[in-house]
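Novice: Chain by chain, the residues run as shown.
There are 2 protein chains.
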Amino acid sequence: MAKEKRVEQITAMETDFAQWFTDVVTKAELIDYSGVKGFFILRPYAFAIWENIQAILDKRFKELGHENVSMPVLIPESLLQKEKDHVEGFAPEVAWVTHGGSEELTERLCVRPTSETLFCEHWSHVLHSWRDLPMLYNQWCSVVRWEKTTRPFLRGREFLWQEGHTLHATAEEAEAETQQMLNVYAELCENYLAMPVIKGRKTEKEKFAGAVATYTIECMMHDKKALQGGTSHYFGDGFARAFDIQFTDKNNTLAYPHQTSWGVSTRIIGGIIMTHGDNNGLVLPPKIAPIQVMVIPIAMHKGGVAEKATELVERLKKAGLRVKSDLSDQSPGWKFAEYEMKGVPLRIEIGPKDIEKGQCIAVRRDNGEKIPVPLTELETRIPELLDAVEKGLYEKAKKNLTENTRPVKSMEEAKAVMAEHGGFIKAMWCGDLACETAMKEEVGVSSRCIPFEQEHIADTCVCCGKPADKMVVWGVAY
Amino acid sequence: MAKEKRVEQITAMETDFAQWFTDVVTKAELIDYSGVKGFFILRPYAFAIWENIQAILDKRFKELGHENVSMPVLIPESLLQKEKDHVEGFAPEVAWVTHGGSEELTERLCVRPTSETLFCEHWSHVLHSWRDLPMLYNQWCSVVRWEKTTRPFLRGREFLWQEGHTLHATAEEAEAETQQMLNVYAELCENYLAMPVIKGRKTEKEKFAGAVATYTIECMMHDKKALQGGTSHYFGDGFARAFDIQFTDKNNTLAYPHQTSWGVSTRIIGGIIMTHGDNNGLVLPPKIAPIQVMVIPIAMHKGGVAEKATELVERLKKAGLRVKSDLSDQSPGWKFAEYEMKGVPLRIEIGPKDIEKGQCIAVRRDNGEKIPVPLTELETRIPELLDAVEKGLYEKAKKNLTENTRPVKSMEEAKAVMAEHGGFIKAMWCGDLACETAMKEEVGVSSRCIPFEQEHIADTCVCCGKPADKMVVWGVAY
Numbered sequence: 007m008a009k010e011k012r013v014e015q016i017t018a019m020e021t022d023f024a025q026w027f028t029d030v031v032t033k034a035e036l037i038d039y040s041g042v043k044g045f046f047i048l049r050p051y052a053f054a055i056w057e058n059i060q061a062i063l064d065k066r067f068k069e070l071g072h073e074n075v076s077m078p079v080l081i082p083e084s085l086l087q088k089e090k091d092h093v094e095g096f097a098p099e100v101a102w103v104t105h106g107g108s109e110e111l112t113e114r115l116c117v118r119p120t121s122e123t124l125f126c127e128h129w130s131h132v133l134h135s136w137r138d139l140p141m142l143y144n145q146w147c148s149v150v151r152w153e154k155t156t157r158p159f160l161r162g163r164e165f166l167w168q169e170g171h172t173l174h175a176t177a178e179e180a181e182a183e184t185q186q187m188l189n190v191y192a193e194l195c196e197n198y199l200a201m202p203v204i205k206g207r208k209t210e211k212e213k214f215a216g217a218v219a220t221y222t223i224e225c226m227m228h229d230k231k232a233l234q235g236g237t238s239h240y241f242g243d244g245f246a247r248a249f250d251i252q253f254t255d256k257n258n259t260l261a262y263p264h265q266t267s268w269g270v271s272t273r274i275i276g277g278i279i280m281t282h283g284d285n286n287g288l289v290l291p292p293k294i295a296p297i298q299v300m301v302i303p304i305a306m307h308k309g310g311v312a313e314k315a316t317e318l319v320e321r322l323k324k325a326g327l328r329v330k331s332d333l334s335d336q337s338p339g340w341k342f343a344e345y346e347m348k349g350v351p352l353r354i355e356i357g358p359k360d361i362e363k364g365q366c367i368a369v370r371r372d373n374g375e376k377i378p379v380p381l382t383e384l385e386t387r388i389p390e391l392l393d394a395v396e397k398g399l400y401e402k403a404k405k406n407l408t409e410n411t412r413p414v415k416s417m418e419e420a421k422a423v424m425a426e427h428g429g430f431i432k433a434m435w436c437g438d439l440a441c442e443t444a445m446k447e448e449v450g451v452s453s454r455c456i457p458f459e460q461e462h463i464a465d466t467c468v469c470c471g472k473p474a475d476k477m478v479v480w481g482v483a484y
Numbered sequence: 007m008a009k010e011k012r013v014e015q016i017t018a019m020e021t022d023f024a025q026w027f028t029d030v031v032t033k034a035e036l037i038d039y040s041g042v043k044g045f046f047i048l049r050p051y052a053f054a055i056w057e058n059i060q061a062i063l064d065k066r067f068k069e070l071g072h073e074n075v076s077m078p079v080l081i082p083e084s085l086l087q088k089e090k091d092h093v094e095g096f097a098p099e100v101a102w103v104t105h106g107g108s109e110e111l112t113e114r115l116c117v118r119p120t121s122e123t124l125f126c127e128h129w130s131h132v133l134h135s136w137r138d139l140p141m142l143y144n145q146w147c148s149v150v151r152w153e154k155t156t157r158p159f160l161r162g163r164e165f166l167w168q169e170g171h172t173l174h175a176t177a178e179e180a181e182a183e184t185q186q187m188l189n190v191y192a193e194l195c196e197n198y199l200a201m202p203v204i205k206g207r208k209t210e211k212e213k214f215a216g217a218v219a220t221y222t223i224e225c226m227m228h229d230k231k232a233l234q235g236g237t238s239h240y241f242g243d244g245f246a247r248a249f250d251i252q253f254t255d256k257n258n259t260l261a262y263p264h265q266t267s268w269g270v271s272t273r274i275i276g277g278i279i280m281t282h283g284d285n286n287g288l289v290l291p292p293k294i295a296p297i298q299v300m301v302i303p304i305a306m307h308k309g310g311v312a313e314k315a316t317e318l319v320e321r322l323k324k325a326g327l328r329v330k331s332d333l334s335d336q337s338p339g340w341k342f343a344e345y346e347m348k349g350v351p352l353r354i355e356i357g358p359k360d361i362e363k364g365q366c367i368a369v370r371r372d373n374g375e376k377i378p379v380p381l382t383e384l385e386t387r388i389p390e391l392l393d394a395v396e397k398g399l400y401e402k403a404k405k406n407l408t409e410n411t412r413p414v415k416s417m418e419e420a421k422a423v424m425a426e427h428g429g430f431i432k433a434m435w436c437g438d439l440a441c442e443t444a445m446k447e448e449v450g451v452s453s454r455c456i457p458f459e460q461e462h463i464a465d466t467c468v469c470c471g472k473p474a475d476k477m478v479v480w481g482v483a484y
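Same order as they appear, the protein sequences are chains A and B. Numbering of the first sequence is given in the numbering used here, commencing with residue 7 and proceeding in unit increments. Numbering of the second sequence is given in the numbering used here, commencing with residue 7 and proceeding in unit increments.
If you are wondering where the hints come from, they were derived from the structure by calculation, not from laboratory data. One or more of the hints may lead you astray.
It does not matter which identical chain is meant; a pair holds if it fits inside one copy or across any two.
[Unchecked claim] Simulated crosslink set (EDC-like; lysine to aspartate or glutamate; CA at most 20 Å straight-line):
1) Lys68 to Glu57
2) Lys230 to Glu419
3) Lys43 to Glu110
4) Lys213 to Glu390
5) Lys33 to Glu362
6) Lys446 to Asp335
7) Lys405 to Asp393
8) Lys213 to Glu181
9) Lys33 to Glu73
10) Lys323 to Glu69
11) Lys421 to Glu409
12) Lys256 to Asp243
13) Lys415 to Asp64
14) Lys33 to Asp138
15) Lys90 to Asp332
16) Lys293 to Glu99
17) Lys213 to Glu73
18) Lys154 to Glu113
19) Lys256 to Asp335
20) Lys293 to Glu73
21) Lys472 to Glu396
22) Lys405 to Glu461
23) Lys65 to Asp243
24) Lys68 to Glu320
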């Protein structure tokens, strides 16, 4: 039935966090479901958030010397199989193309789940000498992984991402690149998305298929579960050997190059929603919000109000902000609810009394605070208030992470803490897979990472009691 | 064998135009071939050209109110089949996914060849009222069409493009959108790519599968063949009826909206190559050239030359140009050839004698002209010279188009002109499919378009001799 769109109530996150999430992504008009399970439509509002994230990352990648390329969407089965660990990780979850037009293909092709194999094949064609190194490539695209359970942003059979792939003359240089790109991701989260992160290395069990080492940034959501914000992988020369990629080094001898890859996906938008959202809907960090300021006229039929609202929009646009007004015939109350649902960081109300007083009222989305702003100070005060929203969001998220990350020394303590509080636990680990598996089976947590910033919680492994010098952060992950 | 990259000779276009094209796309490092026929890798230099084109179009689309979205890469067979003409056009040339992971799918899915059906399904979910219209959407993505013969840029089984899809309350508004977007494409070609175009309407035979009307811009290549630069389609309410998309209009009655779609693809890069390239390689229009100016030091071992080259780069960067220098140990001659191959619009040579004279030498890629430029005037003269290159390219292409488009009045004349000159012919057409087919079979030309700027060549159809009031441009097309 055709009907007017209206702002509807959403499920409270305390009642049902998963339903709250689904309500937010649909009612804030981020997502629509397509006819194929696990394939989600990113509506304009969601895509605009992604474009803002893309712009930040793409600029940074290029400043660091990376170039964008475009690789094929399909990978021949034989190519996917060239690197043993990689194919074991990905082959079970790919979509297979078996027919082109009316012909059956002689070899089936998978829709790319990730593109290491394609980059390697290309490099085997174009790498000749040390002069060609490093090769610093990136690709913005979508990938397909045939997941069993799917959720918008968090686990899709298709998702958008960037995948960086680089090739270096030495292991040291490749390792440095891996770390550098992890830092780029951490800066994205901390400085643009108001999301504090824990940086660290994945265990052998949790690392990427085919990698020597995987580094990660881990974030904590409102429900205290973990979300991986981005990963960066060091491959050594394993793929280079499997794909026979060699170059003539400065001594005129053939050598294998060292390789990295790194990626951030639209999953991070799920992270933004679950880090900052509340029971009125989405809450967007100002730097990536498609609309940073929404101007809403009060008593719009009164002379001069609509004109003044438009004037404020123009002034703030000139000041470099993303700002809109809603001059539709909906009530101010409807508009307040609508743009709260959409997570617009700052609302400006302007009515006849405000005009008389030469002011407008700014309302912060993060804490509801109402701040009268003299119109003469608009261009300085509004950006300051956006910064304040940004800081407010970061501090709230940081508090959530800090207060809900608890040290434990034994399995009993781990179980008790997880049962009572959930969240992350910090515990020493001996490095054995058996102990990692026990943590999963007995406590229900996986290792999130071995943080770069280590703390000494105890002398012995939380599980087996043997000497341990690694502190691991554990949690329940999306 | 690993070896140093070197500048190699390319086939002359007069000898073998197709081989010249292949040589340019590989030796200018635009393309690499993947392991799957018809799937091409866009290397950094090609992708940078595409990014420049994207930036121009994306900005313009947004100025005109369009928003970007992301639709799924896979379409269920049943969805593709909903619009009869559309499925007939596309089903024979799609790639089919039949398995996800290890399971066989209950319904096969095609890799999108175009996304009308996906947009329609989405609109059927989200369109409610006249307040929601127009919906002005665009998507940047790749599409797959299982072509039999393939060539880099010109015909790939996968290509990159943008596809705009819009929905309007009235037919008039949708028609206006179709025309507006065709004009955006014409402006891209004429004002940024130095490619003159003929704007017009496709015949019924040549229109898009499922469209009421298709509009096109047609360009002429060096070999006088036609390349379609972009198309814009008006669909009426045919898809809306097939997909049951309705909205409540201002009179509170249900109505079907009217629809458009429009696209430009990486094929346009093939057009740029074949419009401007020469026997030394690529020639790029300055506005989309990844490197607009390449500074090459002469006698670089002499004191101060490398430093001066770097200084020029910095000054021109500050002036807003995309500029690089090559300070490698290759010879100046090697560098000249390399950046000519890559089509850099302007080369700057700077050597000890130039420094003494307080000048540099600018060399135009389009005509080889060498222009001494006083270093004090660098920031004004270099942009002027880039404009001159742009104009030079446009005028040369315009001359090619004008001189090689000839009026004909009879089939005999058509055959004679095509046999002697090739190029385009302008001829009157009665509107009958039989005459259009005869032109194809007897003269070897297809109708390129019915130009908006009509001329009166004769009173009667070139083929049947019946009265005719439409002038059609005909040619051999890529």
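Novice: All hints, please: hold or fail.
Specialist: Tested hints:
Taking the shortest Cα distances, Lys68 and Glu57 sit within 20 Å of each other both inside one copy (16 Å) and across copies (13 Å). When the C-alpha separation of Lys230 and Glu419 is checked against a cutoff of 20 Å, the pair qualifies only within one copy, where the shortest distance is 18 Å, while the shortest distance between copies is 79 Å. In the homo-oligomer, the alpha carbons of Lys43 and Glu110 lie at most 20 Å apart only across protomers (15 Å), although the nearest pairing inside one protomer, at 25 Å, exceeds that limit. Neither within a single protomer nor between protomers do Lys213 and Glu390 lie at most 20 Å apart by alpha-carbon distance, with minima of 41 Å and 54 Å respectively.
When the C-alpha separation of Lys33 and Glu362 is checked against a cutoff of 20 Å, the pair qualifies neither within a copy, at 36 Å, nor between copies, at 69 Å. Proximity of Lys446 to Asp335 under the C-alpha cut-off of 20 Å is found in neither arrangement, the shortest distances being 55 Å within a copy and 57 Å between copies. When the C-alpha separation of Lys405 and Asp393 is checked against a cutoff of 20 Å, the pair qualifies only within one copy, where the shortest distance is 18 Å, while the shortest distance between copies is 56 Å. Proximity of Lys213 to Glu181 under the C-alpha cut-off of 20 Å is restricted to the intra-copy arrangement: shortest distance 15 Å within a copy versus 54 Å between copies.
For the homomeric pair Lys33 and Glu73, the shortest alpha-carbon distance between copies (18 Å) is at most 20 Å, but the shortest distance inside one copy (37 Å) is not. Proximity of Lys323 and Glu69 under a CA criterion of 20 Å is satisfied inter-copy only: 14 Å between copies versus 27 Å inside one chain copy. Proximity of Lys421 to Glu409 under the C-alpha cut-off of 20 Å is restricted to the intra-copy arrangement: shortest distance 18 Å within a copy versus 84 Å between copies. Taking the closest pair of Cα atoms, Lys256 and Asp243 come within 20 Å of each other only inside a single copy of the chain (18 Å); across copies the shortest separation is 65 Å, beyond that limit.
In this assembly of identical chains, Lys415 and Asp64 lie within 20 Å of each other by CA distance neither inside one copy nor across copies; the values are 43 Å within and 55 Å between. With identical chains, the CA atoms of Lys33 and Asp138 are at most 20 Å apart between copies only, with a shortest distance of 15 Å across copies and 50 Å within one. Taking identical chains as interchangeable, the C-alpha atoms of Lys90 and Asp332 are never at most 20 Å apart, the minima being 56 Å within one chain and 41 Å between chains. When the C-alpha separation of Lys293 and Glu99 is checked against a cutoff of 20 Å, the pair qualifies neither within a copy, at 35 Å, nor between copies, at 43 Å.
In this homomeric assembly, Lys213 and Glu73 never come within 20 Å of each other (Cα to Cα): the closest approach is 26 Å inside a single copy and 37 Å across copies. Within a single copy, Lys154 and Glu113 get their C-alpha atoms only as close as 25 Å, which misses the 20 Å cut-off; across copies the closest is 17 Å, which meets it. When the C-alpha separation of Lys256 and Asp335 is checked against a cutoff of 20 Å, the pair qualifies only between copies, where the shortest distance is 14 Å, while the shortest distance within a copy is 71 Å. Taking the shortest Cα distances, Lys293 and Glu73 sit within 20 Å of each other only across copies (19 Å), while inside one copy they are farther apart (24 Å).
Within a single copy, Lys472 and Glu396 get their C-alpha atoms no closer than 44 Å, and across copies no closer than 73 Å, so neither meets the 20 Å cut-off. In this assembly of identical chains, Lys405 and Glu461 lie within 20 Å of each other by CA distance solely inside one copy; the values are 19 Å within and 74 Å between copies. Proximity of Lys65 to Asp243 under the C-alpha cut-off of 20 Å is found in neither arrangement, the shortest distances being 28 Å within a copy and 42 Å between copies. In the homo-oligomer, the alpha carbons of Lys68 and Glu320 lie at most 20 Å apart only across protomers (17 Å), although the nearest pairing inside one protomer, at 32 Å, exceeds that limit.
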